[in-house]
Amino acid sequence: MSTPQIDGPVAAEPAEAVAVPASAAPAAGRRQLALHAAALLVLALAPFVLDPGYLSTLGRILGYGLLAASLALLVGFVGLPSLGHAAYFGIGAYATGLIGIHVTASAPLQVIVAVAAAAAIALPTGWLVVRSRGIYFLMLTLAVGEIVFLFAARSEDLTGGFNGLFGIPAFELAPGAAVTEPAPVYWVLLAIFAAGYAILWTVTRSPFGLALRGIRDNQTRMTALGYATTRYKLAAYCLAGALAGLAGSMVTLQQKLVTPADASFTTSVAALVAVIIGGAGSLWGACLGAAVVIIIRDEIGSSLDGHGPLLLGAVFILAVYLLPGGLAGAVERLGRGRS
Amino acid sequence: MIETALSRRQMLGVMGVAALSVTGCGSVGGDEESGDEGGSTALKVGLVIPQAGVYAPLGVDMKAGWDLYLAEHGGKLGGRSVKLVVADEGEAPDKGVPAVQRLVQRDDVDVLVGIVNSATALGAKDVVAGAKKLLIVSNAGADKLTAGDVPYVWRSSFTNGQIGFAVGEYLAKAPEGRDGAYAIAADYAAGNEASAGFKAGLEAGGGKLIDEAATPFGTTQDFQPFLSKVRSSGAGACYCFYAGAEAVAFVKQYQEFGLADRIPLFGSGFLTEGGVLEAQGKAATGVRTALHYSAELDNPANQAFVKAYRAKTGKPPTVYAMQTWDAAALLDQAVKGADALDGDALAKRLESLGEVADSPRGAWSFEDRSPKQTVYLREVTPKGSGFVNAIEEELGSFGPAPASA
Amino acid sequence: MPEWIDANLVSILNGLAIGCLLFILAVGLSLVFGMMDVLNLAHGAVYLVGAYTAYALTDGAATWTRFVAAIAVALVLGGVCGLVLAAMTRPLARRGHLDQALLTLGVALVLGELVLLAFGEDVLSVGAPPGLDGSVDLLGRSYPVYRLAVIGVGLVLAIAVYVVVERTRIGALIRATVADRAMVESLGVDSRKVLLGVFAAGCALAALAGVLGGPIYGARPGLGESVLILALVVVVIGGMGSIKGALIGALVIGQIESLGRALLPDQASFLLFAAMALVLLVRPQGLFGARAGLV
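Chains as they are written, first to last, in the numbering used here: chain A, 1 to 339; chain B, 340 to 744; chain C, 745 to 1039.
Hint data in this document are derived by calculation from the structure and do not stem from the laboratory.
There could be a bad hint or two in this list.
[What the hints assert, rightly or not] Simulated pairs of lysine to aspartate or glutamate, DMTMM-like, Cα-Cα distance not exceeding 20 Å: (1) B:LYS483 - A:ASP157; (2) B:LYS568 - C:ASP1010; (3) B:LYS483 - A:GLU181; (4) B:LYS471 - A:GLU156; (5) B:LYS383 - A:ASP51; (6) B:LYS621 - C:ASP877; (7) B:LYS722 - B:GLU635; (8) B:LYS722 - C:ASP1010; (9) B:LYS483 - B:ASP707; (10) B:LYS621 - C:ASP781; (11) B:LYS654 - C:ASP803; (12) B:LYS711 - B:GLU690; (13) B:LYS471 - A:GLU181; (14) B:LYS568 - C:ASP881.
These numbers were taken from a predicted model, which means no experiment stands behind them.
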């Protein structure tokens, strides 16, 4: 049973069904802001509660959460399902590592270069792919993603090839002050995550975000209304790519290691699975989905003798069937049912 | 209106992320206890093996080797009972290094054993250096892994260059190598190091390298184009380095495309070790490989080892099992006289160990924290209903870095 | 010049063998997409099922009876997988093609893991049946007989599929349903049965490809993904819903994989995806696509 869409313009042509939380009223916006701030506070207090081991897992969840959220922007708000999003994640991760090894250990600089590099690649590739839609777009992004992955895996001199890039020094916030303790590392990651998430959140609530949703639901009508739809889609694609790059740099800062797997089809699939489980139209849903994926794959997986993907696949199938809007959509329906 | 509902929704969701992360991060890794809680504190060991992915079969062998040693010694190492935590290193460092980090930070192990993937091992080196814990690598063969000034990484396995060098030196003098040799390997660190070791050994022995090739790693399923080049090179022998699925494909195709009869094939032992040999079947007959071990070795320690391993698993042991068994033996010795279980104390004990006399592979000793050991030339021969790596001769004793020796 | 032909003729022949195998694999994927706009991402997993079936039934002794039995069992298993997949994706038809494709992705994950659970993570070999397991001399070079046999079987199957689709009533029904499903339904035909049949047949062929490919590629974890990606490239380039497209696409990709890797080993993989991207950009319906333009 598909969720009846109460938000967004009525579709003249069939649209990819995604549930989008209603968020137009300013009062609701303030409340959302308060909730997000509360969640940020809870996450900031994590180092006082969790062991370093769990803390580093939470850090990974934040990184992949930002990746999933940036993909949610593409899938849920623009209607462009990408199977190659990890390419920009990988570019950001490699850029951070390479700057760290060859240029400077300054984290702000590494992050800026990572975002710039990811955006720089997202622009021409995005220009190529946003002209397609649906399944064609899916496969085109798959091809682009594979090309980036192959490049990362083959360029042994630049990227270390299949073994990956290691020996990345600990990052510094100020010259000479390397950040190595788990708690400060985690807070830096949280800050980056919050910044990226804030950008995404602001965009989705802005007129630009509204226009994107319009394009998703009925591109023909939007074009008739005078919107340069291709340019909107391209802008959204570049933004999503840049933020995926930001997420990639988060992972490198923590792990001090980058491998071609970070740009691979497998990572793209994991991100898409996270978005679908969490709910394509919801940013925090995507983060929740990423948490589910990482916990199943990395934590529970080892107790299942490494068969985490089986559980993940089963959960994914269940999510596609039972939760058309993902976990976020389910929560929404619960709330609607109550009020 | 919808606002209150919205706030509950958002609250639910956003708290969920944090809550899930905290509660979901429960330590559910395999925890095993063996032996009894003796008077002295237990030794907590982190076993890092691949449980999923292309290397998983090796992980099975490694665990079997470890379990066998502990079963033979009452579940104790150095007089202390052992608490084992198994972690999955996956296929690549992106899973392996976080697994090592978790063992060190969350499970608070005293020592670590295992690791197949060299890149993971190099990443793990940083982790144990920071945490000052001992790591005994029981497979990864990266040449430079134990060199340098991190005293906590030791190895019970081999180096890629060591094995390659042994083959090269042999071929330089052997009749098959009279017309020069061709070297072909998978294009990744292990293959490149093995090839380089082979070239160094070949040239040191006065042999000639006709040509070499590096096949794209992981994406080559059809070696026919490369095999054509080998054939037309005019070389008298071919050396190769492949493992896993690529080893199966390469050896089978080497025979299918008619090279097996014309250009004898040599390789580093992993080409025909374990499950890979079963998959190759008769296509591997006559392939000669160099390795520091074979289940066919005839010394008393190995005979006992093979017998016990067979009784436990129904199959003959592989080099992966043997290396991990040896790692357990090393730990047994090191912990026995140690006053503390941190990296410095245990490393000092390992340094004072001298020769390891009763290893199934024969006697060996440490050089730069890696084994200096005898490398054997083996030939795939039919035995019973299957195939084995029969020992042809001893190639000599090689250190971990023979090219610079 | 003779040296070039000499060395590369074997590659070209190899490419033909790979191409024929890819055709058997991809034709089902192409038809299912052409008919239902469902991108069956579990197609590679069905190939894997076929490959492991071949291993299970011929383990050790690859006799003709066992090999034929493996083919029969694989066809049945593949057909069942097709029916199951069709049934699973039907409820999502209203929710759009993306959801259906994602569902098949989930099934692929689960199926792949189940196979691993049953057979372990080892790399497994499948023997060729006796008589086909040797090598023959071709222009002074040895060439495995089995691959020649695959070329033969592939061409025969291509002709068979062509005859069924172009010359029989069932084939006409299939072509009509691909072209205009609503019209076919308005003519009183239960298009659901046609769809189920095509899905089942397509997956059966994928499993068959797994068995036939066994002696060449074996059975191992991860093979499903590699094979799926190749099949996707074939279908994209050849055109969705077109059998001729699947054949031409498969032969082209076969040559890129074989001759391409021989001449440009490092660039061949890039070439594959660049070609795929190019076709998607310039002519999304593929070289011989039955449907035009956007989804």
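Here's how the hints hold up against the structure:
Of the pairs offered as hints, the one joining LYS483 (chain B) and ASP157 (chain A) holds, with about 18 Å between alpha carbons and a cut-off of 20 Å not exceeded. Annotation: proposed proximity of LYS568 (chain B) to ASP1010 (chain C) holds, straight-line Cα distance about 16 Å (limit 20 Å). For the hint linking LYS483 (chain B) to GLU181 (chain A), the alpha-carbon distance of about 28 Å lies beyond 20 Å, and the restraint is violated. Between LYS471 (chain B) and GLU156 (chain A), the direct Cα distance comes to roughly 31 Å. Violation of the 20 Å bound is thereby established for this hinted pair.
Of the pairs offered as hints, the one joining LYS383 (chain B) and ASP51 (chain A) holds, with about 18 Å between alpha carbons and a cut-off of 20 Å not exceeded. Of the pairs offered as hints, the one joining LYS621 (chain B) and ASP877 (chain C) holds, with about 11 Å between alpha carbons and a cut-off of 20 Å not exceeded. In summary, the hint linking LYS722 (chain B) to GLU635 (chain B) is supported, as the alpha carbons are separated by about 11 Å, within the 20 Å threshold. Between the alpha carbons of LYS722 (chain B) and ASP1010 (chain C) the distance comes to roughly 40 Å, so the proposed pair goes past 20 Å and is violated.
Of the supplied pair hints, the one linking LYS483 (chain B) and ASP707 (chain B) holds, its CA atoms being roughly 10 Å apart against a limit of 20 Å. For a cut-off of 20 Å, the pair hint linking LYS621 (chain B) to ASP781 (chain C) is broken: about 46 Å separates their Cα positions. Proposed proximity of LYS654 (chain B) and ASP803 (chain C) is supported: the alpha carbons are some 17 Å apart, at most 20 Å. Between the alpha carbons of LYS711 (chain B) and GLU690 (chain B) the distance comes to roughly 14 Å, so the proposed pair stays at or under 20 Å and holds.
With a CA separation close to 15 Å, the supplied pair LYS471 (chain B) and GLU181 (chain A) stays within the 20 Å bound. In summary, the hint linking LYS568 (chain B) to ASP881 (chain C) is supported, as the alpha carbons are separated by about 17 Å, within the 20 Å threshold.
Comparing the model with each numbered hint stated earlier shows that hints 3, 4, 8 and 10 do not hold.
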